[in-house]
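K.L.:
Now for the letters of each chain:
There are 4 protein chains.
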Amino acid sequence: MNSPLVADSGRVVEPSVQQARQAYYQRIGGSKLAPLWEVLSALVIKEPKSACQPALWHYDDVRPYIMEAGALITAREAERRVLILENPGMPGQSRITTSLYAGLQLILPGEVAPSHRHAQSALRFVVEGSGAYTAVDGEKTIMEEGDFVITPSWTWHDHGNDSDKPMVWMDGLDIPLIQALDCSFLERYPEEMHPQTRPAGDALARYGNGLLPLDYESPRLSSPVFNYPYRRTREALETMRRSQEWDPIHGLKVQYVNPVTGDYAMPTIATFMQLLPKGFDGDSYQSTDATVFSIVEGEGYSMIGGQRYDWRKRDVFVVPSWVKHSHHAPNGDAVLFSYSDRAVQKKLGLWRESRGNRQ
Amino acid sequence: MNSPLVADSGRVVEPSVQQARQAYYQRIGGSKLAPLWEVLSALVIKEPKSACQPALWHYDDVRPYIMEAGALITAREAERRVLILENPGMPGQSRITTSLYAGLQLILPGEVAPSHRHAQSALRFVVEGSGAYTAVDGEKTIMEEGDFVITPSWTWHDHGNDSDKPMVWMDGLDIPLIQALDCSFLERYPEEMHPQTRPAGDALARYGNGLLPLDYESPRLSSPVFNYPYRRTREALETMRRSQEWDPIHGLKVQYVNPVTGDYAMPTIATFMQLLPKGFDGDSYQSTDATVFSIVEGEGYSMIGGQRYDWRKRDVFVVPSWVKHSHHAPNGDAVLFSYSDRAVQKKLGLWRESRGNRQ
Amino acid sequence: MNSPLVADSGRVVEPSVQQARQAYYQRIGGSKLAPLWEVLSALVIKEPKSACQPALWHYDDVRPYIMEAGALITAREAERRVLILENPGMPGQSRITTSLYAGLQLILPGEVAPSHRHAQSALRFVVEGSGAYTAVDGEKTIMEEGDFVITPSWTWHDHGNDSDKPMVWMDGLDIPLIQALDCSFLERYPEEMHPQTRPAGDALARYGNGLLPLDYESPRLSSPVFNYPYRRTREALETMRRSQEWDPIHGLKVQYVNPVTGDYAMPTIATFMQLLPKGFDGDSYQSTDATVFSIVEGEGYSMIGGQRYDWRKRDVFVVPSWVKHSHHAPNGDAVLFSYSDRAVQKKLGLWRESRGNRQ
Amino acid sequence: MNSPLVADSGRVVEPSVQQARQAYYQRIGGSKLAPLWEVLSALVIKEPKSACQPALWHYDDVRPYIMEAGALITAREAERRVLILENPGMPGQSRITTSLYAGLQLILPGEVAPSHRHAQSALRFVVEGSGAYTAVDGEKTIMEEGDFVITPSWTWHDHGNDSDKPMVWMDGLDIPLIQALDCSFLERYPEEMHPQTRPAGDALARYGNGLLPLDYESPRLSSPVFNYPYRRTREALETMRRSQEWDPIHGLKVQYVNPVTGDYAMPTIATFMQLLPKGFDGDSYQSTDATVFSIVEGEGYSMIGGQRYDWRKRDVFVVPSWVKHSHHAPNGDAVLFSYSDRAVQKKLGLWRESRGNRQ
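Residue numbers (my numbering), protein chains in the order written: chain A, 4 to 362; chain B, 4 to 362; chain C, 4 to 362; chain D, 4 to 362.
FYI, nobody ran anything at the bench for these hints, they're computed from the structure. Source: prediction; values computed, not measured. Be aware that one or more of the hints could be misleading.
Intra- or inter-copy, both count: the list cannot distinguish identical chains.
Stated by the list, open to error - With a straight-line cut-off of 35 Å between C-alpha atoms, the simulated DSBU-like cross-links for lysine-lysine are:
hint, residue 1, residue 2
1, K281, K349
2, K49, K168
3, K327, K168
4, K327, K349
5, K349, K168
6, K52, K256
7, K52, K168
Work out the full structure: start from the sequences and follow the hints.
P.N.:
Here it is, written out as structure tokens:
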């Protein structure tokens, strides 16, 4: 890409000048100095263009590997038995976008993932299975397919599967962002599991019904509701669709919110659910928040950067920042969960979108 | 009351001096002037002490009058067929506290209360009946006993009763506050009823399930949820009680919130629901927000300013600002709805409370 | 005004019916009940229309009375030697608008006004004199003409005059609002004056220069800057006028802000300063916040409700809520300070304005 | 560091098992999958520990190189003639911390740096010289030593030097953060310089004196004040020091604020100024925001990670995240400017500090 910053990029610099500069660069290097003008065009670019690439994971392809992992290593030994969904444009970097991590975690019947806490915020989106639990600061929540569960920054959390079937969920974390800010902290709980402190379901009842405890003040920025059951979300979408307000790009799209502030459920990760009605043929869209999608229901395809990605239930795909894309559900209703760092970009005044103009 | 402001109040002022002052007061009166020092002790007082008095209305006593009103005047002629619950300390002022209004509204089967909008915010708390509706900006909600319904400032609203039984609800409005701020506006809808704009239940589904529409921005400070069904509130309280966290003063008390901000459901009126378990013997309490209570379930009594007020289901009582009081439910669970101007006082940094020290 | 709420106002109600209703009203009165339909049209009105009237006080007329007060009573005996600017539409109510109080306070050389604190917020706007001081929580600020000084809610404050000339300032308080909310508190300091806790000028330096102390958290909603010197405000206006952006209604108008929040300097009272350039012939305006003006420089006139009010330096006038008005400075620059309850109305979503359409 | 996450790190895994796992890793790699358990301990770490190293740049050493750059390339050709202060722990990455960039920019008399705008926020802290200017959206501000100037995200800005001396300032940008979020945008102004839109000094007068324009709403999150003159900051510190409140770690430290919100002056970069009185011997400190310091006055030294770094006027040094450090000014007053990403970490609920316990 020709940098607009180098006024005369392409201009031939006389060899003698270039030599003098190179010698100079050598000398200043020893003083921890470098010339901005040689790299500026790569640092401040015209529009988002990272190494992050569009990618899709078919659950049917991935599932066998997940189950194989169950045989290769125990949850206890692995601490977290997860296959990272690694962006092909950033191999070895354990990230799906420049700022976010994604993985698929397996917990087999009878297994537990021991209790720890870390500065990183995590979301769990249940892909397959029923009846395993996540506990946050000692309160359990039983998980079902489509449930959106959060383990907020610096809260003790562990997982277990008391059901008779394996459970698989997608993990979404802000690991790369925390690396960029260099503020990671981790602590392991002295015992394997945190003792139970509250009856299951307390948080959802307490904070998830249009009420808050008297004069409530939250200890953190994350939502005190840590399980947003799919049942409720799905019912809400069904009621809302009766108004027949379909966004040409998003269909019917909602965001999960923290009832204490109205902000996103997590301070660093925005999460969404959208319904595409049968026959939906979406207009194109760009936004600066690279987004990870997980298919909850139905099938369809997305055009991403001019290429077609077919998806069906349980598949995962990622759209990089500012890449033009659109969603299509020709054969039936489809429901898509998604997450991105929009929560960060909006707080910092950086988020942008560009709507429409089909291509 | 001896004013702490008049350093030497009670001191004998020489008659000649007093005469000179009186003559002076006469003269300056003509210039729209008055001496602060003669009234300061009445304007800036040691602690809240208005004309507002504790009072209780037994529903059994009031109900016959309400029904009689149904025969004396139609809802259409009355515009709103309401009996004002008038504080005995402020007769003729149409208020239950210094800043708030309360009334009991009757709608008979087949009746309608025509559509209008005003700057005043209103809450409707259903006391008796089932199946009547309130419509806000063209969306209906069917009301059941214990439902908390709001008609936000400057939203079109009308009421109707398609059921076969009379419905009675408590109206709570900020009429006296709007008078104090002198910012009342009123407009009548050109037709009797506002046309339907959305399917019933849309708002609750859209805003009341831990979700908000994508990038939602509210047009107002009030909650977009305009019916908080008692069924959900009651279930939440039942789940929360399992944690056995009983506040010695309030039992188990929650506030209704606006999911867009986490603030109270209305900008001018705070609303609460509390559960007193059987045998609850509350500690004493004072707060600067005079509060109106409506009994939803059970029976019991409150000590207010040293006097006992026995209450049962559907009764209404008011506790003035800063009057010491406590709640007691010796014979069984009781559920109390309440509202006050705490939402205003907190925004202005004026709210205070004093907990405990039984008396 | 004929209320639009009484659908059939003016309609003749049959005598027999009217008699029956009157009898009914009598009976329910004993039960602390009253019929809304008889008063609704007076409670919820089409637009603001209180008893508050436009009024103007010429300083030349008032000053002799102020000085006479200095002879009639000492500051110590009066506690605060103030002449209330009483709205002629609300005699005996000690208020200049429905929600705000105004007065002119005199402190003679060598006098002090003892230390106390109250829930009411107060502003002091210096009208005449130089060198007297106000102390807030033990920090003094020396006052000059045009200075805007605040004594926030529940802060200890006292005044003194170490100069050789009398000082007169306008007091603006939210006394009627605090009455409406019934949350007044008052405490006198054990000694006459609060001991000095900080060097004079500390607060302005600390909070008034685009800086805040490291990780500062304010203990209150009011600005920690308690003196906004006129010198700075005037210089700012002179620099801003070079941009030649004149609002057709307000000229060049600014609001005082709390640097911790960007909100108004006080939570209950909004304050403003505006410059009208020579020849300014303002367009008409309405707003729901009744406003008190004090002339700092120059002369001119305002049209208020169709009537002309001529003013000059040090005069005070009041514009009631929603009364159409305009400002005019035919002979030279004029500078006007003003205050209102806009800070309250905006927090509650009640404030409205209507611009222009000369009349 | 032994990861606490690998429950049994150090345990010997049987070769056969390890081989099976390696083969498995090979196979899943082709499906864009990777095993979390092999990298988890490097991704989620016990406490901040990036490649960022403590480093110091003596201005006396760097200045000759800066001036030499003036001969090697013109400002016009370089677009921005800047020497990057590159963290020795992250060579070739053009950053001084994991999230922030720093450089020293030279503008010679008569030179200009053409107008452009970008998503990145930039601060300019004047190190040497007097009289050059920065223009933001067409308003110029003349810069003096110690001035803190900001060019907010997506505002047009250019620089020029009409003085007869070279000017050098430190640039601080959030380039690495914008890379991590992949939301860079850049646009060049069609002409070399943006036309003047307002008289110089308008913004400081308009927004920097405890006032805001009537009903002002900011178009962005950055402060509308774009030059915080050192003269004012220094005077404020001199007045504040009279209170003799010395923080044992920071001396007398203030942060630059946005008068519209009270938040930091920029949404992504927090900036500070602190005064260390002669003889100051600071206690130790850790925080998660790696911080860049520039010495404005005096000399002294800092202990960083157990190593001593001597500094004097105009030197720059960096303290990585969570590295224990302390500041010392044995010979005289010292004044330090600093900046970090604390503004980001606080908005996201990630910021931590640990005070004291000398070592």
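K.L.:
Could you work out which earlier hints the structure fails to respect and list their numbers in ascending sequence?
P.N.:
3, 5, 7
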